[in-house]
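Chain residues, written in single-letter form:
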Amino acid sequence: MRSGSVPEARWGLRATQAAVFVLLVAAWEVASRLRWLDPFFFSRPSSVAERVARWFASGEVYVHIYVTSLETLLAFLVGSLLGVGVGFAFALSPALSRVFDPYVKVANAMPRIVLAPIFTLWFGLGILSKVAFGVTLVFFVVFFNTYQGVREVDRNVLNNARMLGATDRDLLRHVLLPSALVWILSSLHTSVGLALVGAVVGEYLGSARGLGYLIHQAEALFDTTGVFAGLVVLAGFVLVVDLLVSSVERHLLRWKPPSHVEEAL
Amino acid sequence: MKLASPPGTCAVRLQGCRRSFRTPDGGVYVALDRVDLEVRAGEFVALVGPTGCGKSTLLNLVAGLLPPDAGRVEVFGSPLEGINRRASYLFQQDVLLPWKTAEENVMLGLVFRRVPREEARRQARAWLERVGLRGFENRYPHQLSGGMRKRVALAQNLIVDPEILLMDEPFAALDVQTRQLMENDLLRIWQEERKTVLFVTHDLEEAIALSDRVVVLSAGPAARPVGEFPVDLPRPRDVTEVRLDPAFGELFRRIWDLLRGEVLRAFRLGP
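Heads up: the sequence lines are chains A and B, in that order. First residue of the first sequence? That's 1 in this note's numbering, and the numbers climb one at a time after it. First residue of the second sequence? That's 1 in this note's numbering, and the numbers climb one at a time after it.
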């Protein structure tokens, strides 16, 4: 936040970051042209760039981006809603949380990747199996954060609202939900990232569309350029999603004081 | 000027109240025992006592946030059940909602009473102006100083027009100058509204400067009122000037004689 007030420093940083990128790409290109790296296994930046440009020019990549976005969005929304709902229920009902505690722990400890084939069997090769897979990843992050958020509400804040005449519903709406939202938002980057991981890994394991499919397809043909091109598109996609999340976060948390770390910087 | 209730009636009455807590090691700690206290309508009563003597517990009993183990709490003659709807409570801690602006925080009580938004907003603005925060309506709590946040909290409490105002060391965290300004503002508003006030503090000077009556609580465990001192200083008062009144010093000495013993006892018993 502070860095906005010193544009020179900001530009310096950006320039350095760009220089690092140029240097790495140039090194890769040169190494590949001089045959220090076998182009069959490592491809080269110019070929990758050409492939990406062709994908966009022919428009064949858009359907994959669309499918992956849709899966990510759905996995995020469904996972978050379930996480918030169950998180609230557990936080407000100690009995419920005591009974289900071991199940939650086991389910969370299980490596979710083993579920992917089962979801493919249950939900087919379409987007549903990827959404289901993403949901299992997103759910737990949101669930734990909601649970924590509700449990950590200051007693005095609750009592103050009660003294001011809040009903249980008022407490939920004006105190508990916003308080949990802070925690949920703080994990927004993680949960959106996990939704994306769910989508791409699901596609990679079996699908007919999506960025994960694109990469898997190229890999099956030993087309290294295609793999790297897929990675570049995926990286660009992740960057855009992350920027969107950051702007949503900034808007929703505008009431928050800048963190001490940022102040110190 | 409107009177909340006819003067002289009993706004709060505690009879033989006892309240204990479970300690982490499984024992029982009796915070208050055999507490009798009466506060007349429109009266400003200050409650002083050593730290940890259960002053806040006593306020929580009157607020209805804690039920007594034994004894009864009456509010305007009827036994209290659940939250005390005729009281509001100014907490020692910061209890503003950080995600709401000053104005939204102040109007909270009206929102809970289903007052239309526009009307609530209008009243909130008026109250912010009365506590000297005009122009700060759209600030978030973290953008306000400690003193300003207390003013917002005060407005938040007064907007619901409570008959009884409970205050738990509300100004303890403020610097001396801000504190005296706030005390004078509180007196001015109390003079206009004539709320019944039960004010908890560990600062005897503050207690005398503000109140009609000082009640001294003994050191815990099993704390209870051990002395009562009417404060006959003229009103309206200025908290800074009233301290120079010879009667103030005389009263201070008399109450301190009693309080000192309790403070020493609390000190020796340790927390």
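Among the hints, erroneous ones may be present.
Just the calculated beta-carbon pair ranges, DEER-fashion [unchecked claim]:
#	chain 1	residue 1	chain 2	residue 2	range
1	A	F123	B	E119	24 to 34 angstroms
2	B	Y29	A	K105	32 to 42 angstroms
3	B	E119	A	V20	24 to 34 angstroms
4	B	G16	A	V248	36 to 46 angstroms
5	B	E205	A	F100	27 to 37 angstroms
6	A	Q148	B	G249	45 to 55 angstroms
7	A	D242	B	Q93	47 to 57 angstroms
8	B	H142	A	V248	47 to 57 angstroms
9	B	Q93	A	L92	15 to 25 angstroms
10	B	T23	A	R151	50 to 60 angstroms
11	A	R151	B	D161	25 to 35 angstroms
12	B	Q93	A	A9	37 to 47 angstroms
I should point out that these hints are in silico values taken from the structure, not numbers from a laboratory. Just so it is clear, CB atoms sit at the ideal spot from N, CA and C, and this is done for glycine as well.
Comparing the hints with the structure gives:
1. Taking 24 to 34 angstroms as the suggested C-beta distance range, the pair F123(A) and E119(B) does not conform, at roughly 52 angstroms.
2. Taken as a hint, the range 32 to 42 angstroms holds for the pair Y29(B) and K105(A), whose Cβ atoms sit roughly 35 angstroms apart.
3. For the pair E119(B) and V20(A), the beta carbons lie near 59 angstroms from each other, so the given range of 24 to 34 angstroms is not met.
4. With their beta carbons about 57 angstroms apart, G16(B) and V248(A) fall outside the hinted range of 36 to 46 angstroms.
5. In this structure the hint that E205(B) and F100(A) lie 27 to 37 angstroms apart at CB is violated, the actual value being about 55 angstroms.
6. A hinted range of 45 to 55 angstroms holds for the C-beta pair Q148(A) and G249(B), which are about 53 angstroms apart.
7. In this structure the supplied range 47 to 57 angstroms is violated for D242(A) paired with Q93(B), their Cβ-Cβ distance being about 37 angstroms.
8. For the pair H142(B) and V248(A), the beta carbons lie near 21 angstroms from each other, so the given range of 47 to 57 angstroms is not met.
9. The hint said 15 to 25 angstroms for the Cβ distance between Q93(B) and L92(A), and at roughly 23 angstroms that hint holds.
10. For T23(B) and R151(A), the Cβ-Cβ distance of about 22 angstroms falls outside the hinted range of 50 to 60 angstroms, so the restraint is violated.
11. The hinted window of 25 to 35 angstroms between R151(A) and D161(B) holds, with their beta carbons roughly 34 angstroms apart.
12. In this structure the supplied range 37 to 47 angstroms holds for Q93(B) paired with A9(A), their Cβ-Cβ distance being about 39 angstroms.
The structure shown violates the earlier hints numbered 1, 3, 4, 5, 7, 8, 10.
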